[in-house]
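When you get a sec, could you build the whole thing from the sequences and use the hints?
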Amino acid sequence: MSGAGGGVDLSRAGSNIPAGRNLAVRAVFFTCALITVLTTFGIIVVLVDGALGFFREETLFGLLSGVLGGLLSGGPAEAWAAARSGLGVQVTVREFLFGTDWSPIIRPRSYGVIPLLWGTMIIVVGSALIALPIGTATAIYLSEYADRRVRNVIKPTLEVLAGIPTIVYGFFALSFITPIIQRFFPETGTFNAAAGAIVVGIMIIPMVSSLSEDAMSAVPDDLRNAAYGLGATKFEVSTDVVVPASLSGVLASYILAISRAIGETMAVTLAVGMQPNITFNPLEPIQTMTAYMVQVGISDVSVGSIGYQSLFAVGLVLFVMTLVMNLLSLWVKSRYREAYR
Amino acid sequence: MPEKQPTADEPHTANEPHAANEPRRAHEPHAANEPRPAHEPRRAHEPRRAHEPTATEPIRTDGGRVTEATPSIQEIPEADTVIESKDLTVHYGDVQALQPVNVRLPEREVTAIIGPSGCGKSTFLRCLNRMNDMVDAARVGGELRFRGKNVYDGDVDPVALRRRVGMVFQKPNPFPKSIYDNVAYGLKIQGFDGDMDARVEEALRGAALWNEVSDQLDSSGLALSGGQQQRLCIARAIAPDPEVILMDEPASALDPVATAKVEDLIDELAEQYTVVIVTHNMQQAARISDKTAVFLTGGKLVEFGDTDRIFENPENQRVEDYITGKFG
Numbered sequence: 002m003s004g005a006g007g008g009v010d011l012s013r014a015g016s017n018i019p020a021g022r023n024l025a026v027r028a029v030f031f032t033c034a035l036i037t038v039l040t041t042f043g044i045i046v047v048l049v050d051g052a053l054g055f056f057r058e059e060t061l062f063g064l065l066s067g068v069l070g071g072l073l074s075g076g077p078a079e080a081w082a083a084a085r086s087g088l089g090v091q092v093t094v095r096e097f098l099f100g101t102d103w104s105p106i107i108r109p110r111s112y113g114v115i116p117l118l119w120g121t122m123i124i125v126v127g128s129a130l131i132a133l134p135i136g137t138a139t140a141i142y143l144s145e146y147a148d149r150r151v152r153n154v155i156k157p158t159l160e161v162l163a164g165i166p167t168i169v170y171g172f173f174a175l176s177f178i179t180p181i182i183q184r185f186f187p188e189t190g191t192f193n194a195a196a197g198a199i200v201v202g203i204m205i206i207p208m209v210s211s212l213s214e215d216a217m218s219a220v221p222d223d224l225r226n227a228a229y230g231l232g233a234t235k236f237e238v239s240t241d242v243v244v245p246a247s248l249s250g251v252l253a254s255y256i257l258a259i260s261r262a263i264g265e266t267m268a269v270t271l272a273v274g275m276q277p278n279i280t281f282n283p284l285e286p287i288q289t290m291t292a293y294m295v296q297v298g299i300s301d302v303s304v305g306s307i308g309y310q311s312l313f314a315v316g317l318v319l320f321v322m323t324l325v326m327n328l329l330s331l332w333v334k335s336r337y338r339e340a341y342r
Numbered sequence: 020m021p022e023k024q025p026t027a028d029e030p031h032t033a034n035e036p037h038a039a040n041e042p043r044r045a046h047e048p049h050a051a052n053e054p055r056p057a058h059e060p061r062r063a064h065e066p067r068r069a070h071e072p073t074a075t076e077p078i079r080t081d082g083g084r085v086t087e088a089t090p091s092i093q094e095i096p097e098a099d100t101v102i103e104s105k106d107l108t109v110h111y112g113d114v115q116a117l118q119p120v121n122v123r124l125p126e127r128e129v130t131a132i133i134g135p136s137g138c139g140k141s142t143f144l145r146c147l148n149r150m151n152d153m154v155d156a157a158r159v160g161g162e163l164r165f166r167g168k169n170v171y172d173g174d175v176d177p178v179a180l181r182r183r184v185g186m187v188f189q190k191p192n193p194f195p196k197s198i199y200d201n202v203a204y205g206l207k208i209q210g211f212d213g214d215m216d217a218r219v220e221e222a223l224r225g226a227a228l229w230n231e232v233s234d235q236l237d238s239s240g241l242a243l244s245g246g247q248q249q250r251l252c253i254a255r256a257i258a259p260d261p262e263v264i265l266m267d268e269p270a271s272a273l274d275p276v277a278t279a280k281v282e283d284l285i286d287e288l289a290e291q292y293t294v295v296i297v298t299h300n301m302q303q304a305a306r307i308s309d310k311t312a313v314f315l316t317g318g319k320l321v322e323f324g325d326t327d328r329i330f331e332n333p334e335n336q337r338v339e340d341y342i343t344g345k346f347g
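Protein chains in written order, with my numbering: chain A, 2 to 342; chain B, 20 to 347.
It is worth saying that the hints were derived from the structure and are not from the lab.
Among these hints, one or two may not hold up.
The list that follows gives simulated cross-link-like pairs (lysine-lysine, BS3-like), each with its CA atoms no further than 27 Å apart [unchecked claim]:
id, chain 1, residue 1, chain 2, residue 2
1, A, 156, A, 334
2, B, 207, B, 196
3, B, 105, B, 190
4, B, 280, B, 190
5, B, 280, A, 235
6, B, 168, A, 235
7, B, 196, A, 235
8, B, 196, B, 280
9, A, 235, B, 207
10, B, 196, A, 334
11, B, 207, B, 190
12, A, 235, A, 156
Stretch by stretch, here's where chain A covers chain B in the computed footprint (C-beta under 8 Å, at least three residues) [claimed, not checked]:
id, region
13, 198 to 210
14, 243 to 256
15, 325 to 339
Residues of chain A clear of chain B, computed beta-carbon distances all greater than 12 Å [as the list claims (entries may be wrong)]:
id, residue
16, 8
17, 10
18, 16
19, 23
20, 46
21, 50
22, 68
23, 91
24, 184
25, 227
26, 231
27, 279
28, 327
Just so you know, these numbers come straight off a predicted model, no measurement behind them.
Glycine residues also receive a C-beta, built at the ideal position from the N, C-alpha and C atoms.
Pasting the structure below:
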């Protein structure tokens, strides 16, 4: 069975290798991988199309069917009319992005998303102020200071904290954090921004500490020894050597934690209330983008109404924000990867 | 392998077995406990002294049991001693990594510590600046005196000790910082507020690296070659001007050219500093050191003395076997 080149037979048939199996396995795996890609793509299409329906009279699909229907029934003139009415402006992008009043359901209607963005930013900034320092300090403690027994207690505890359902955090805020705040500031309402920021902060501590600790533990002991050998204290080793060397991982954990705070829904919906509100006072109720989406999602607004359509517009803003954070995290990781070999 | 037990009653004889290619001078038997000739510090680049006859090691007894001759701490006059260990032991958990070590390390000389893998030589080195503290399971017994002070006393801060006893490691380990910041780091954490630029230059010149990096002090220390990185680590260690520099196989990760540079450097460092170097390269120990300590398996310091004597005329049969390559 020697071919033109002669020599031994190394062909598949000659070696008894089942034909086609490799290809089938490959196809199954590829299909599984494809599902996530298609799902992501589908979500983006639905979001963008729904948001288009918010800004224009019709969604893209509605517009296409209108134009096609017009074309079939009355010719080009009717199709043109359908296109014009479908593309009619419902809400301007300018009003949406820069308006400071959000009331898409209750008259007088207005569609400025700034109060919702503001609510989300208060939660993000407040929770970051709590979680980033505490999470980083916890990571340094676990990586540099804690002996094995203490680590074996703290690490699983953090994982439990990370595994608590967010709705439970919401109850915790309502039933525990808010009463404490009210003890110090009696005028605080049941729903307030501070309780939401605190509870989201607690929620994302494990994310910061666990990812940061992974990055810090990966710093080679050679570097620590170099600093210890020069007479550095444990604190100097931590701040001068370990944290700078693991900076990419630490920053990435910050970004992912902030991204989580942006998208956090149930806890803030329970804790902060449903009042779109541009305020610096953390004791007042606010509304985040996610909490608004819960409110509309469980309310009786009819499909196709502007209130329903506003879900997609707000959802798109959320999606873009978390996407930017994810891209930022990737960039930080690659930018600082060469901190040590 | 049967161990020779040199004792005071059994001085070495000239017809001991020895390496074929190494003609060995007849060994003069001499009395036990005879004081050694006064120690003379070696001046840099001075040719090594010819072998001098040394006192046979006095016998140490542990609980009445005669032990293998352990080098005497009388080897080095007390006045020249920087570091002195007295019955220093180390356990890692249940494993004894170091049998009682008694040795005096002389000032401004290079002491090489040699021995096969796992013999405790690095463990001993890491006792000298208490780097063993970093190992959870390590327990240290006995005394280690640095300029007379037991560094394992309760009131000793290992951080303070390490500022006077610098260290260079096996693998070059510059910080992921600029060359300048690497060298300046030790001074910075010690609160140095003088002319930092001058000290950095001085240290880099001391490490024979200045001419190669003077125009790129701001670039990363990791951008240098392996040999340059190791000299950067030496510059970093000498910048705060310690009294002792410990080196743990500093050239083992380097190519021969870089190794030669580091060895030359160690020779120069001995003018100013006390250098203790662990090496598994016996030729290197013979080339660069004034004194040699030989550890053998089991964490035992078997012989200590002038390098020339150890290599030409070791007293312990196992040391001779090790040095001539019969084992280890």
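Task: Distance rule for residue 327 of chain A, whose beta carbon must clear each one in chain B by more than 12 Å - done: The assertion about residue 327 of chain A holds, with a minimum of 26 Å to chain B.
Task: Non-interface claim for residue 279 of chain A versus chain B (Cβ beyond 12 Å) - done: holds (44 Å)
Task: residue 91 of chain A non-interfacial with respect to chain B [C-beta, more than 12 Å] - done: Holds: least Cβ distance 54 Å, greater than 12 Å.
Task: Restraint check for residue 280 of chain B with residue 235 of chain A, where alpha carbons must lie at most 27 Å apart - done: violated (33 Å)
Open item on the list: A cut-off of 12 Å on Cβ-Cβ distance, and residue 8 of chain A was said to be off the interface with chain B. Does that hold?
Closed with: Correct as stated: the minimum Cβ-Cβ distance to chain B is 42 Å, above 12 Å.
Task: Cβ separation check - residue 68 of chain A to all of chain B, threshold 12 Å - done: With a cut-off of 12 Å, residue 68 of chain A remains clear of chain B, as the shortest Cβ separation is near 60 Å.
Open item on the list: Checking one constraint from the list: CA of residue 207 of chain B to CA of residue 190 of chain B, max 27 Å. Satisfied?
Closed with: holds (23 Å)
- [ ] Could you let me know if the closest chain B CB is still more than 12 Å away from the CB of residue 227 of chain A?
- [x] Its Cβ does come within 12 Å of chain B, the nearest being 5 Å, so this is violated.
- [ ] Could you grab the alpha-carbon distance between residue 196 of chain B and residue 280 of chain B and see if it respects the 27 Å cut-off?
- [x] Given pair residue 196 of chain B, residue 280 of chain B holds - Cα atoms ~24 Å apart, limit 27 Å.
- [ ] Quick one: work out the minimum CB distance from residue 50 of chain A to chain B and report holds if it exceeds 12 Å, violated otherwise.
- [x] holds (48 Å)
Task: 27 Å Cα cutoff - pair residue 207 of chain B, residue 196 of chain B - done: Distance of about 14 Å is within 27 Å: holds.
Task: Exclusion check [residue 10 of chain A not at the chain B interface, CB over 12 Å] - done: holds (47 Å)
Checked against the numbered hints given earlier, this structure breaks hints 3, 5, 15, 25 and 26; the rest are met.
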